[in-house]
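There are 2 protein chains.
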Amino acid sequence: MSSKLKELTEKINQYINSIELVKQPEELYLPVDYCLNNGGKRVRPLMALLACDMFDGNIDHVTGPAVGMEIFHNFTLMHDDIMDEAPLRRGKPSVYKKWNANTAILSGDVMFAMAIQHIAKCPPEHLKTILDLFNKTVIEVCEGQQYDMNFETLDKVTEEQYINMIRLKTAVLPAACLQAGAVIAGASPEESRLIYDFGENVGIAFQIKDDWLDIFGDENTFGKKSGGDIIANKKTWLYIKAFEMANEYQLRDLRNAFTNRIFNPEEKISMVKKVYLELGLDQSALDKMEEYNSIAIASLDKIDIAKEKKEDLKELAQNLLDRAI
Amino acid sequence: MSSKLKELTEKINQYINSIELVKQPEELYLPVDYCLNNGGKRVRPLMALLACDMFDGNIDHVTGPAVGMEIFHNFTLMHDDIMDEAPLRRGKPSVYKKWNANTAILSGDVMFAMAIQHIAKCPPEHLKTILDLFNKTVIEVCEGQQYDMNFETLDKVTEEQYINMIRLKTAVLPAACLQAGAVIAGASPEESRLIYDFGENVGIAFQIKDDWLDIFGDENTFGKKSGGDIIANKKTWLYIKAFEMANEYQLRDLRNAFTNRIFNPEEKISMVKKVYLELGLDQSALDKMEEYNSIAIASLDKIDIAKEKKEDLKELAQNLLDRAI
Chain A
52 MSSKLKELTE KINQYINSIE LVKQPEELYL PVDYCLNNGG KRVRPLMALL
102 ACDMFDGNID HVTGPAVGME IFHNFTLMHD DIMDEAPLRR GKPSVYKKWN
152 ANTAILSGDV MFAMAIQHIA KCPPEHLKTI LDLFNKTVIE VCEGQQYDMN
202 FETLDKVTEE QYINMIRLKT AVLPAACLQA GAVIAGASPE ESRLIYDFGE
252 NVGIAFQIKD DWLDIFGDEN TFGKKSGGDI IANKKTWLYI KAFEMANEYQ
302 LRDLRNAFTN RIFNPEEKIS MVKKVYLELG LDQSALDKME EYNSIAIASL
352 DKIDIAKEKK EDLKELAQNL LDRAI
Chain B
52 MSSKLKELTE KINQYINSIE LVKQPEELYL PVDYCLNNGG KRVRPLMALL
102 ACDMFDGNID HVTGPAVGME IFHNFTLMHD DIMDEAPLRR GKPSVYKKWN
152 ANTAILSGDV MFAMAIQHIA KCPPEHLKTI LDLFNKTVIE VCEGQQYDMN
202 FETLDKVTEE QYINMIRLKT AVLPAACLQA GAVIAGASPE ESRLIYDFGE
252 NVGIAFQIKD DWLDIFGDEN TFGKKSGGDI IANKKTWLYI KAFEMANEYQ
302 LRDLRNAFTN RIFNPEEKIS MVKKVYLELG LDQSALDKME EYNSIAIASL
352 DKIDIAKEKK EDLKELAQNL LDRAI
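So the sequence lines, in the order shown, correspond to chains A and B.
The numbering used here applies: residue 52 is where the first sequence begins, and numbers increase by one.
The numbering used here applies: residue 52 is where the second sequence begins, and numbers increase by one.
For the record, the hints were derived by calculation from the structure and aren't laboratory data.
Just so we're clear, the structure is a prediction, and the values are computed from it rather than from any experiment.
Worth double-checking, as some hints may not be accurate.
Each pair may be met inside one copy or between any two copies, as identical chains are not told apart.
Straight-line C-alpha distance at most 27 Å; calculated DSS-like pairs for lysine-lysine [to be verified]: (1) Lys187 - Lys74; (2) Lys285 - Lys319; (3) Lys55 - Lys365; (4) Lys207 - Lys74; (5) Lys74 - Lys285.
Using the sequences provided together with the hints, build the complete structure.
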């Protein structure tokens with residue numbers, strides 16, 4: 052990580068550490084503290100600070116809103132884990148498991164208000180713009196989560212529907228963070244749009260890599276148990292493309308696996324993985340990721356500022372896609 | 052209801068009807084529509100409009116934030132019903148019953164963002180003040196709900212703790228609505244504080260009346276089944292005072308009833324109600340309500356504007372306490 056990335060991450064952590072998180076009633080606030088200090092990489096607020104820095108803005112003006120976005124992100128994790136019945140988050144019990152669902156609902160709700168408190172620390176002349184951006188983003192993230200849940204009961208999901216879902220669920224938040232940083236730094240509407248597009252496409256690329264890692268990643272480096280998406284019958288990019296491309300034998304295997312006629316999890320994973328490999332989807336997914344990454348880079352390149360100013364942001368994006376951080 | 056109250060309620064409903072509530076994905080938005088159009092009386096936004104009108108403000112400037120507060124209020128109902136396992140809301144299945152808990156969580160979350168969207172329609176010069184007021188209020192409402200849940204497992208709750216809980220859970224939101232109306236109308240900080248105090252104390256009085264109605268109210272007029280708080284072992288004002296004042300025989304009956312050693316619900320209710328009546332708590336609760344109402348009126352009286360300007364607000368508060376509307 053470059054010294055700039057380290058320095059800005061440190062700044063974000065200092066700000067977060069300065070928030071009085073544990074107050075009364077502590078049943079409400081302990082889960083907030085637990086969730087916010089659970090080893091998150093602060094990627095989203097870092098993006099806001101980097102974008103602000105790139106456009107020569109005052110980073111202190113963006114730290115509040117950036118942390119607000121991070122608190123909002125952690126709020127979505129707290130609620131999503133209930134809905135997705137995900138018992139673990141970054142290797143530790145998720146809030147609804149450590150406490151219970153009611154705690155995760157209410158502590159999440161209070162985090163939402165805390166998020167806006169920090170967003171409201173934005174310079175007054177930008178408050179309306181940043182608040183509108185934030186609200187639009189929150190609504191889109193909720194829509195993305197709803198589409199994701201809808202997919203569970205749909206027979207067929209198209210690639211287009213899938214990309215739209217991950218755009219909403221995953222990509223618009225980093226995009227909004229970048230745009231917030233740019234707006235507060237005084238970037239033009241066109242520059243703000245370009246950096247948003249950069250973030251959105253990096254976000255989509257990131258999620259496709261995430262799907263890939265779940266199946267082809269190294270369990271030890273990646274931290275999650277390999278094949279979780281297959282076990283959960285998740286309609287990922289790989290799943291969707293496999294059903295599109297499979298011949299009749301492969302289709303039979305996929306159907307057997309995903310309708311749970313294969314009960315042994317290891318067997319199910321290896322059966323699906325075999326089809327994915329036969330169809331060359333391990334490489335196609337990486338190509339698709341690269342396609343979105345190229346669109347992202349093209350947007351960033353269009354921003355008319357010195358190339359070296361964009362280096363830190365490019366490094367962060369590359370790190371995300373390489374999963375080196 | 053006075054023609055002014057009717058006219059302003061109509062204005063609020065027109066604004067709400069103009070919001071495009073049912074969008075895609077409809078699984079997310081249908082519950083929002085259902086919840087927002089479930090026969091709510093619009094008391095909170097009405098308070099905001101009345102306060103604005105009282106200080107000669109432009110009502111159109113406050114309608115957005117007022118509706119934002121109403122959407123937030125409905126969001127809390129959607130999440131509280133999950134936590135409190137309340138199957139009915141205004142006589143109809145609550146969202147988590149009609150759909151499921153995940154739907155109530157996510158549709159609630161999107162309502163929170165929608166609430167802020169409408170709050171953001173406030174005139175720009177007041178946005179920061181109104182947003183800070185809103186965030187503070189949301190956090191307090193969450194704290195109130197947490198205290199209420201904590202009380203379930205506490206052996207002893209004092210009257211002071213109880214009043215503080217209902218202040219947070221119930222009273223600060225109408226108080227904030229009134230203050231928002233006053234601020235947007237250009238009222239002084241002192242006037243804004245006084246109208247906030249009025250709302251807070253009316254809110255506390257209202258909740259004590261609500262506790263009273265649950266046991267001594269007429270089931271047909273009130274709409275809720277009588278004695279629900281007793282069945283749920285809720286630590287209401289009546290419960291707390293009864294345990295404080297009871298002699299040893301009454302104490303034995305209360306303990307038997309509330310530790311569920313009495314299994315028949317009718318028997319449990321009549322046993323508790325008998326003790327409440329013996330202790331004169333039916334009258335004491337009304338006296339306590341009147342005490343808070345008097346504090347409220349005293350705050351309103353201190354505001355230095357013509358008496359007749361305060362009439363509509365007084366009428367609304369009185370209607371609430373009489374439950375005529």
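Evaluated hints:
{"no.": "1", "hint": "Lys187 - Lys74", "in the structure": "between (30 Å within a copy, 14 Å between copies)"}
{"no.": "2", "hint": "Lys285 - Lys319", "in the structure": "within (13 Å within a copy, 50 Å between copies)"}
{"no.": "3", "hint": "Lys55 - Lys365", "in the structure": "within (12 Å within a copy, 59 Å between copies)"}
{"no.": "4", "hint": "Lys207 - Lys74", "in the structure": "between (47 Å within a copy, 22 Å between copies)"}
{"no.": "5", "hint": "Lys74 - Lys285", "in the structure": "between (39 Å within a copy, 25 Å between copies)"}
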